[in-house]
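Novice: Each chain, letter by letter, is given below.
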Amino acid sequence: MAEKEEKMIPASSLNPDKIHTWPHLVRVEFIAGMLATLGLFLWSLLLDAPLEEPANPTKTPNPSKAPWYFLGLQEMLVYFDPWMAGVVLPSLIIVGLMLIPYIDINKKGAGYYTFRERKFAMSVFCFGFLILWIFLIFLGVFFRGPGWNFFMPWEEWNPHKVVALTNIDLNIFVAQTLGIDALRNPWVGCGFGLVLIGAYYSIIPAFYYLKGKTMPVIQELGLIRYNITAFLFVTMMALPIKMILRWTLNIKYVLVIPGILNI
Amino acid sequence: MNIVELKAKIQEIQKTVVDSYVWKSIFRHGYKDIPRNRVLMTASNVFLHLHPSKMRRHGIKVSYTWCAGGLTFLFFLILTVTGVILMFYYRPVAEYAYVDMKYLQFDVPFGMMMRNMHRWAAHGMVILVMLHMFRVFLTGSYKPPREFNWVIGVLLLVITFLLSFTGYLLPWDQLAIWAVTVGTNMARATPLMGHEGPLAEQVRQLTGLITPRYDARSLLTAGTVVGAPTLMRFYVLHCIFIPIVASILMIVHFWRVRKDGGISGPL
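Chains Y and U are the protein sequences, given in the same order.
The opening residue of the first sequence carries number 1419 in this note's numbering; numbering runs sequentially from there.
The opening residue of the second sequence carries number 9 in this note's numbering; numbering runs sequentially from there.
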């Protein structure tokens, strides 16, 4: 009997890299599952789920915060209008995430941790994940108070905190700084904004495409994949750019198309 | 009876049980630690055969997987169990929902514990699914042949957010109603399809559609505000529709992990 069983061992078992799922993996899963369940159990014993007063549509709390995992999106609302921060950008994030395997054609770094072999992909994803997602959630949870104003965590939430609203649109800012009065006209300003955004979306990708003509990576990527990558990257970077513009120059909108949309 | 006799007696009983007709109808193979049984342990068990019977050594390393995907699934199961228990005591009607929460917390045996576990496991699942995605990216595990499974994974990430978000409303307290108001208000700004979105005015003039009562936002909230119909809608989505979609996507996700060559690893 034992002999017969010995014969049934597949040849692959001779490969020292292969191990039996039972007991090796099942043991790890079991321990991890037990520890996680225990942690959840203790956490639930010590900390009660919040239950506030009954829902009252006539009493709006200040601030009204979305669930914590959406606070990154709520933070974007400071810098972009709802159609952009709440609909277009989230949709692009989802689509962009789905496209990652199809635009990252670097064959290296599959199945192991490496930064050196895929610097661009790692940098971009880590920036997006850690800064634009986790950090903004952190900011929203701990540093935003009434009126969505900035408060330090130890600071008292003063609902009457006055923050001067001096934000101006970019065309007005340029008109003031350079003394070009024509830019104050909404339609001239609109054209100015369109040119700026058009330039942002075309010059940067074109610059790197031409600069990288000799780079095998960009050649291999092909025009379509390169353009998708560039579009997603430039769109992602629009958020930190807009944040910096707001913090430093109090810029409200870069583009205002009267009666239609603002960016 | 001395210890030797006792041992012999136990072995005798064990042999009788294990050799019995009933035992053999349940367990098709022995437990003796031989390679064949190790393989059968996985392959002839409906739950364990989610796994291959043999795998590459690095795949069991916690430092490689962080256990994040598996624990996400565990938390989904915990949420299903605690969620079903909560459903026995909760009515998704605006008049009763909050009262039922109080009842659940103060009168139902272990009601508070069930609610706590459901709530914290929900947060835990969101964190774990994000960690899982981060780990899969860092190890480049979406690279061929696993491209499409990454896409399924992104859908599951969205589904997890939606599950958590629809559940957020159900306590029907101030936290719930206003968090969901903030969240759903975004939809009113949907281009073309939200009544305050870009170009919505033009669509309204052309088609007569896209009013506050009939746009992308009211599709979610079943009305112009977060009210009683929203509660019912979110309840059905939370307890029935989204879990079913999540389950289907998980089946595809797990199946494809196997079909795409098991857990990723260096070639």
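Hints are computed from structural coordinates only; laboratory data are not their basis.
This structure is a prediction, so every number in the text was calculated from the model and none was measured.
All residues carry an ideal CB built from backbone N, CA and C; glycine is no exception.
It is possible that part of the hints are untrue.
What the hints assert, rightly or not - Distance condition first, Cα-Cα at most 30 Å in a straight line; then the derived DSBU-like pairs of lysine-lysine:
#, chain 1, residue 1, chain 2, residue 2
1, Y, K1483, U, K267
2, Y, K1579, Y, K1477
3, Y, K1483, U, K110
4, Y, K1526, U, K69
5, U, K110, Y, K1436
Said to hold, decoys possible - Derived list of chain U stretches under chain Y, where covered just means 3 residues or more per stretch with a C-beta under 8 Å from a C-beta of chain Y:
#, stretch
6, 43-51
7, 111-122
8, 254-266
Novice: If you draw a straight line from the CA of K1526 (chain Y) to the CA of K69 (chain U), is it 30 Å or shorter?
Specialist: 21 Å, holds
Novice: Is the straight-line distance between the alpha-carbon of K1579 (chain Y) and that of K1477 (chain Y) 30 Å or less?
Specialist: Between K1579 (chain Y) and K1477 (chain Y) the Cα gap is close to 20 Å, so the pair holds against 30 Å.
Novice: If you count the residues of the stretch 111-122 of chain U with a beta-carbon closer than 8 Å to a beta-carbon of chain Y, do you get 3 or more?
Specialist: Coverage by chain Y holds here, the residue count being 3 at a Cβ distance below 8 Å.
Novice: How does the stretch 254-266 of chain U fare against chain Y when you require at least three residues with a CB closer than 8 Å, holds or violated?
Specialist: With 0 residues in contact (Cβ-Cβ under 8 Å with chain Y), the coverage given for the stretch 254-266 of chain U is violated.
Novice: Are the Cα atoms of K1483 (chain Y) and K110 (chain U) separated by 30 Å or less?
Specialist: 23 Å, holds
Novice: Tell me if chain Y covers the stretch 43-51 of chain U under the three-residue, 8 Å CB rule, please?
Specialist: It holds, with 6 qualifying residues against the three required.
Novice: Checking one constraint from the list: CA of K1483 (chain Y) to CA of K267 (chain U), max 30 Å. Satisfied?
Specialist: 42 Å, violated
Novice: Compare the distance between the alpha carbons of K110 (chain U) and K1436 (chain Y) with 30 Å, and conclude whether the hinted pair is satisfied.
Specialist: 53 Å, violated
Checked against the numbered hints above, the structure violates hints 1, 5 and 8; every other hint is satisfied.
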